[in-house]
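Model the full assembly from the supplied sequences, consistent with the hints where possible.
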Amino acid sequence: MQQKISLFVPCFVDQLLPQVAVDTVKVLRRIGYEVEFPEDQTCCGQPAFNTGYWDEARPCAEHFVRVFKHAEVIVCPSGSCVTMVRTFYADLLAGSSLRDDAIAVASRTFELSEFLVKVAAVTQVGATFPHAVTYHASCHGLRELHLRDEPLQLLRQVKGLSLIEMARSEECCGFGGTFAAKFADISAAMGDSKAESVAATGAEFVTAIDPSCLLHLQGILGKRRAPARTIHLASILAQDGSTQERP
Amino acid sequence: MSATAAQRFLHDAAVKSADLVHREIIQRGMDSYDAAHLKGRARIKDWEAARQKCQAIKREAINHLDRYLLQFEEKVISRGGHVFWAANGEEACTYVKNLATRLGVHTIVKSKSMVTEEIHLSPALEKVGIKVWETDFGEYIVQLRDEPPYHIVTPAMHLNRGQIAKLFREKVDPEIDSDDPAYLMAAARRKLRQAFFSAEMGISGANFLVADAGVIAISTNEGNGRLCTSIPRIHVVVTGIEKVIPRLEDLAALWPVLATSGTGQGITTYSTLIGGPRRPGEVDGPEEFHVVLVDNGRSQLLADPEQREVLHCIRCGACLNICPVFRHVGGHTYGTTYPGPIGSVLTPHLGGIKEFNHLSYASSLCGACSSVCPVKIDLHHHLLQNRRNATEAGATKSSERLMFRAWRHAMLHPRIYALGGWSMRNTLRMIYGLGLAGTILDPMRVWNLHRSPVPLPSESFRARWRKGLGAN
Chain L
1 MQQKISLFVP CFVDQLLPQV AVDTVKVLRR IGYEVEFPED QTCCGQPAFN
51 TGYWDEARPC AEHFVRVFKH AEVIVCPSGS CVTMVRTFYA DLLAGSSLRD
101 DAIAVASRTF ELSEFLVKVA AVTQVGATFP HAVTYHASCH GLRELHLRDE
151 PLQLLRQVKG LSLIEMARSE ECCGFGGTFA AKFADISAAM GDSKAESVAA
201 TGAEFVTAID PSCLLHLQGI LGKRRAPART IHLASILAQD GSTQERP
Chain B
248 MSATAAQRFL HDAAVKSADL VHREIIQRGM DSYDAAHLKG RARIKDWEAA
298 RQKCQAIKRE AINHLDRYLL QFEEKVISRG GHVFWAANGE EACTYVKNLA
348 TRLGVHTIVK SKSMVTEEIH LSPALEKVGI KVWETDFGEY IVQLRDEPPY
398 HIVTPAMHLN RGQIAKLFRE KVDPEIDSDD PAYLMAAARR KLRQAFFSAE
448 MGISGANFLV ADAGVIAIST NEGNGRLCTS IPRIHVVVTG IEKVIPRLED
498 LAALWPVLAT SGTGQGITTY STLIGGPRRP GEVDGPEEFH VVLVDNGRSQ
548 LLADPEQREV LHCIRCGACL NICPVFRHVG GHTYGTTYPG PIGSVLTPHL
598 GGIKEFNHLS YASSLCGACS SVCPVKIDLH HHLLQNRRNA TEAGATKSSE
648 RLMFRAWRHA MLHPRIYALG GWSMRNTLRM IYGLGLAGTI LDPMRVWNLH
698 RSPVPLPSES FRARWRKGLG AN
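Read top to bottom, the protein sequences are chains L and B.
Counted from 1, the first sequence has number 68 at position 68 by our numbering; the numbering is strictly sequential.
The number in our numbering is simply the position in the second sequence, starting from 1, with 247 added.
Be a bit skeptical, because a hint or two may be false.
[Unchecked claim] Here are the simulated DSSO-like cross-link-like pairs (lysine-lysine), alpha carbons at most 27 Å apart as the crow flies:
id : chain 1 : residue 1 : chain 2 : residue 2
1  : B       : K300      : B       : K322
2  : B       : K413      : B       : K378
3  : L       : K182      : B       : K644
4  : L       : K26       : B       : K714
5  : B       : K438      : B       : K344
6  : L       : K182      : B       : K601
7  : B       : K714      : L       : K69
8  : L       : K4        : B       : K286
I should point out that these hints are in silico values taken from the structure, not numbers from a laboratory.
Written out as structure tokens, the structure reads:
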């Protein structure tokens with residue numbers, strides 16, 4: 001299975017949450033894949049696209065397609081960024097000469113849990129994480145990519161992990177990209193409700209497949225001085241029990 | 248200068264989303280709806296197939312709206328009814344007002360209709376001295392409070408029974424001494440009973456207009472709809488042109504799906520079909536039957552192939568109920584007739600993209616709305632299209648346009664992007680090091696008002712990759 005994986009690292013993960021990508025590499029290598037990181041990649045274009053600036057988003061999408069055109073398989077630790085490529089590139093690039101390439105690239109682009117469970121057919125990645133964890137079903141992963149059970153299948157195989165279901169786990173955390181800035185009060189109130197749901201579980205960690213949700217949620221939890229912390233699914237799967245590394 | 252719709256929205260959203268009493272009332276209401284809705288869906292053998300069927304029916308109807316509306320009109324006229332085509336709200340209001348004046352109407356009873364809210368029919372009638380009674384219990388409550396409906400299906404869901412009892416004591420009967428729902432209902436019923444028997448005109452909406460049978464279909468739960476449409480001597484139906492469906496048998500799919508999505512019921516308590524005035528030999532029904540078909544911007548939406556399906560909406564309210572934004576800001580904050588996701592999609596079309604563009608953005612694009620819509624309207628993707636349309640029409644801020652142009656430049660040049668990221672992290676680290684997080688010197692100020700600062704690692708992923716992580 002020496003397929004080569006091209007890593008698609010979302011821009012904000014690259015800049016603010018590099019450990020999520022490092023852990024993604026760790027997990028993929030552990031189960032036997034070779035990983036490459038095309039260094040010309042920047043952003044998939046979602047911030048501009050979601051804000052209505054399709055003319056600004058389009059060249060970014062074209063850039064992405066050029067960078068990943070020859071990749072065998074593309075894996076990304078973000079349901080939202082994969083959604084941008086898979087769901088929206090075809091529409092966004094409707095008049096572009098790269099549209100066919102975009103559709104082909106999209107069909108080879110996978111969110112991490114999706115890749116592991118559906119493509120690689122692996123749920124046991126040899127992870128150990130002896131903590132109480134609750135799972136937030138992030139919107140794009142759930143409703144655009146239809147990944148409901150895949151992350152949970154992976155979590156159930158983690159040694160020592162106890163999974164606690166939170167109330168309204170499928171309700172949005174309130175991030176929403178520029179929504180978090182344009183409607184900061186609503187975004188924060190939604191985050192607050194999510195933090196309440198997390199707190200009610202008593203879990204030490206809340207995990208998800210979308211680092212953007214977690215970035216927002218960590219900010220909300222931090223402001224509330226809540227005991228629970230966020231951790232990306234990749235970072236749980238990367239813990240092999242060999243070190244005392246605290247994520 | 249008065250506040251714009253966008254400023255009002257931002258202000259009210261800030262107040263409401265921080266109002267924990269409101270949050271609890273709505274959360275409790277929505278929790279019981281969620282439970283009923285899930286139970287209702289489980290009763291339907293294949294919910295997805297039912298949605299697809301309803302979507303197909305509405306698509307057929309909307310794609311051939313001209314034909315089906317004419318078929319409906321012809322049938323109604325053949326039974327002695329009248330049909331008036333109103334291009335906008337004003338025309339519709341004028342028609343009803345003139346009709347009422349001509350026929351000596353002093354009192355009108357209304358059953359629930361969002362279209363009459365949309366065109367502001369009641370104020371228009373009251374202006375010429377006609378007394379209008381809302382007879383749906385929730386509508387009656389918000390009318391007493393001089394408020395628009397909070398929600399398109401449950402107009403008074405923002406009030407608890409204590410608040411309603413207090414309102415009734417002030418406005419209905421000073422003797423009210425209990426907040427028991429059945430007791431309050433009985434008090435309202437006594438009052439409304441008199442209205443039903445004194446009214447000369449009843450106004451209703453329609454959930455569907457059945458083209459082949461030439462009848463209107465109404466789904467209600469309180470029985471007030473049947474009283475409004477059968478006791479007064481004139482019945483006026485005010486409805487949107489998009490409510491037409493091709494065949495009577497289509498109701499077999501639409502009625503249960505509407506009831507399930509609206510309240511979790513298998514079917515509403517009363518399902519009524521009405522096709523014209525009382526005919527010779529019949530004992531019940533009005534002497535006159537009028538249908539006012541309201542366009543009010545719908546044809547314009549029909550002309551847009553990308554968003555035409557928004558006209559599929561059957562006004563069940565499911566998208567409002569599941570919407571986390573609605574749950575936090577509440578119905579009144581929107582300042583529109585139709586709140587929630589469907590309202591955010593529809594209102595820029597009906598009320599103007601400039602004035603209501605902010606609603607296209609007042610969504611986290613979570614997609615919960617689209618996932619429950621019983622006629623499968625891709626609501627959150629339409630919000631994205633509205634955002635694009637607004638940007639193309641130049642309805643967004645020039646500072647934002649410039650910002651995204653600069654952003655594009657960086658994203659097309661990996662080195663500029665990497666340098667930009669590096670300097671942003673270092674600038675923020677310096678600002679936070681000086682203890683200036685959340686101040687006006689903080690570019691992340693809005694973020695930090697409600698959240699702790701984002702992590703600022705010393706190295707980006709690409710730097711770590713280059714430093715050795717890249718060696719497989």
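Hints and how they fare:
Restraint check for K300/B and K322/B: the C-alpha separation of about 26 Å stays at or below 27 Å, so the hint holds. With a C-alpha separation of about 24 Å, the suggested pairing of K413/B with K378/B holds against the 27 Å cut-off. For the suggested pair K182/L and K644/B, the alpha carbons sit about 12 Å apart, so the restraint of at most 27 Å is met. Distance restraint check for K26/L and K714/B: the Cα-Cα separation of roughly 16 Å lies within the 27 Å cut-off, and the hinted pair is therefore satisfied.
Distance check on the hinted pair: K438/B and K344/B sit about 25 Å apart at the alpha-carbon level, within 27 Å; holds. A hinted pair counts as satisfied when its Cα atoms are at most 27 Å apart, and K182/L with K601/B qualifies at roughly 17 Å. About 26 Å separates the Cα atoms of K714/B and K69/L, which keeps this hinted pair within 27 Å; it holds. Among the hinted pairs, K4/L with K286/B is inconsistent with the structure: their alpha-carbon atoms are about 47 Å apart, more than 27 Å.
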